[in-house]
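Visitor: Listed below are the residues making up each chain.
Protein chains: 2
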Amino acid sequence: MTVRQLALPELVAACVELGVPSVGLWREPVQSYGVEASAALVRDAGLTVTTLCRGGFLTASDPGERARALADNRRAIDEAATLGTTTLVLVSGGLPPGSKDLHGARQRVADALAELGPYAQRHGVRLAIEPLHPMYAADRCVVSTLAQALDLAERFPAHQVGVAVDTYHIWWDDTAPRQIARAGAGGRIHTFQLADWTTPLPEGVLNGRGQIGDGSIDMREWKGHVEAAGYTGPIEVELFNEPLWARDGREALAETADRFVRHVLPPPEDAVTP
Amino acid sequence: MTVRQLALPELVAACVELGVPSVGLWREPVQSYGVEASAALVRDAGLTVTTLCRGGFLTASDPGERARALADNRRAIDEAATLGTTTLVLVSGGLPPGSKDLHGARQRVADALAELGPYAQRHGVRLAIEPLHPMYAADRCVVSTLAQALDLAERFPAHQVGVAVDTYHIWWDDTAPRQIARAGAGGRIHTFQLADWTTPLPEGVLNGRGQIGDGSIDMREWKGHVEAAGYTGPIEVELFNEPLWARDGREALAETADRFVRHVLPPPEDAVTP
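Sequences listed follow chains F and L, in order.
For the first sequence, my numbering begins at 14 and goes up steadily by one.
For the second sequence, my numbering begins at 14 and goes up steadily by one.
This is chain F alone, in the form it adopts within the complex (with noise of 0.2 angstroms):
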């Protein structure tokens, strides 16, 4: 999603010759591409799927949406296991229109994953729910923390419901290392994301997700916290931003892959001489 503006074969070649090893995708271009041939692409240049993005919006209260979601949902997983990846991220949904019924719609979330968490294990596959931050509560995601992600997470094995950590949406949240420690003691820390948070926010609040190291986020922080918690899997870099989404998407890329290695990976003090 950093580098939307790259075709998927761009962006897998982008990937090769930047040295990025994995990919998290979305749903989206691996469909208009064609999903076994997503898989090939990837497969056939060496890369590795992190994660799938997304599943979810399961707060529908009417039978029948409800029903095309879980049926949505269900094709996502398919999905992400043709493509090779462990983890589809899961983005809860927001309230239905018209609704201030906040307790309810957190409940039908409670029981989709019920439906979907044997689903996803059956094709190996684990569920990732994603706290957004609390300024989508109305209108995206109804999970605004990782101890209510957590909370979701726990009434089902690790290896079926885990959570996605996103510096982006919890990096305000004062408990959230200590959510960070449990879900890793849990072995519920599914993927770990980044984006920095810059502002003023745009319109929507959706597309200002900050390039690594041009907000307010001590990445670094949130890495130890998440390294501490025994997590050792991919950090995926996921921006939402329509300055970078103008630009050329290789150099985007560039870019990208330049602030991880100066805003994430240890100091060069830091490095190790051989």
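Treat the hints with care, as some may be off.
Claimed, not checked - Quick look at which bits of chain L chain F covers, simulated, 3 or more residues with Cβ under 8 angstroms:
1. 21-27
2. 57-64
3. 108-119
4. 213-222
5. 225-232
Unchecked claim - SDA-like mimics (lysine to any residue), calculated; alpha carbons at most 20 angstroms apart, straight line:
6. F/236 with F/173
7. L/236 with L/187
8. L/236 with L/200
9. F/236 with L/112
10. L/236 with L/198
11. L/236 with F/116
12. F/236 with L/116
13. L/236 with F/112
14. F/236 with L/114
15. L/236 with F/236
To be verified - Going by beta-carbon spacing under 10 angstroms, a handful of chain F positions derived as facing chain L:
16. 116
17. 150
18. 164
19. 186
20. 245
None of these hints come from the bench; they were simulated from the model.
Everything numeric in this text was worked out from a predicted model, so none of it was measured.
Even for Gly, the Cβ is constructed at its ideal location relative to N, Cα and C.
Since the structure of chain F is already known, use the hints to place chain L on it.
Guide: This is chain L only, laid out in the frame that chain F set:
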């Protein structure tokens, strides 16, 4: 602030006419009109001042800037005392420009409260820390949850420091009801404010607070929480809303009073029949 298009004498007249018995004031219009004159205006109309908004912005790391902020907060306490309100609302302030040190900023807020609390007490004023929605953590308020606000407040006596409970900032937080209970048990709910959550948020996310009833928040549920916690003080409606500000101020105030009756007070069927 809800009807900031009204000059202070118009505001007071409209409150009297509409039967609004108390009013929350902001410092800027009070200073423009004169603090003593504002106090007399409100008092002579038979109104009381619920709270004065706002002090705070206590996160500067520069010593000179910090000293100026403390001096300004002492003036705000003086103004509150002159207006005859018991409560000064504090918005903590965000990160200093370029800083990623959320912990340090929060510590500086605590240090400032230790200086301001005793001063406020000597003037018969209580400080109310207002946790602002996490979307303001970088640029406006590093205190993002009621739990954080109470962790700060509880270092001091309740008659020095408490919290402001505002639905707009906490509605997404499933731990807020128990934090309200904690605040109530300690006598630390120093004001209760309402605004509704409407989407999409405007650019900068400052002036999109919804009119009561227009959004996702169940106002009666939150009123129930503060009442169950023993709160019997005033309920303030505080909207930052560009379209509302563009309307005739008296009409906007009348609409707000009507929405308060329809969405906050008990519904008619619950009314006691004599």
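Visitor: Next step is simple, just say for each hint if it's right about the structure.
Guide: Structure-based check of all given hints:
no.	hint	verdict
1	21-27	violated (count 0)
2	57-64	violated (count 0)
3	108-119	holds (count 6)
4	213-222	holds (count 6)
5	225-232	holds (count 4)
6	F/236 with F/173	24 angstroms, violated
7	L/236 with L/187	15 angstroms, holds
8	L/236 with L/200	16 angstroms, holds
9	F/236 with L/112	18 angstroms, holds
10	L/236 with L/198	16 angstroms, holds
11	L/236 with F/116	17 angstroms, holds
12	F/236 with L/116	17 angstroms, holds
13	L/236 with F/112	18 angstroms, holds
14	F/236 with L/114	15 angstroms, holds
15	L/236 with F/236	40 angstroms, violated
16	116	8 angstroms, holds
17	150	4 angstroms, holds
18	164	8 angstroms, holds
19	186	7 angstroms, holds
20	245	25 angstroms, violated
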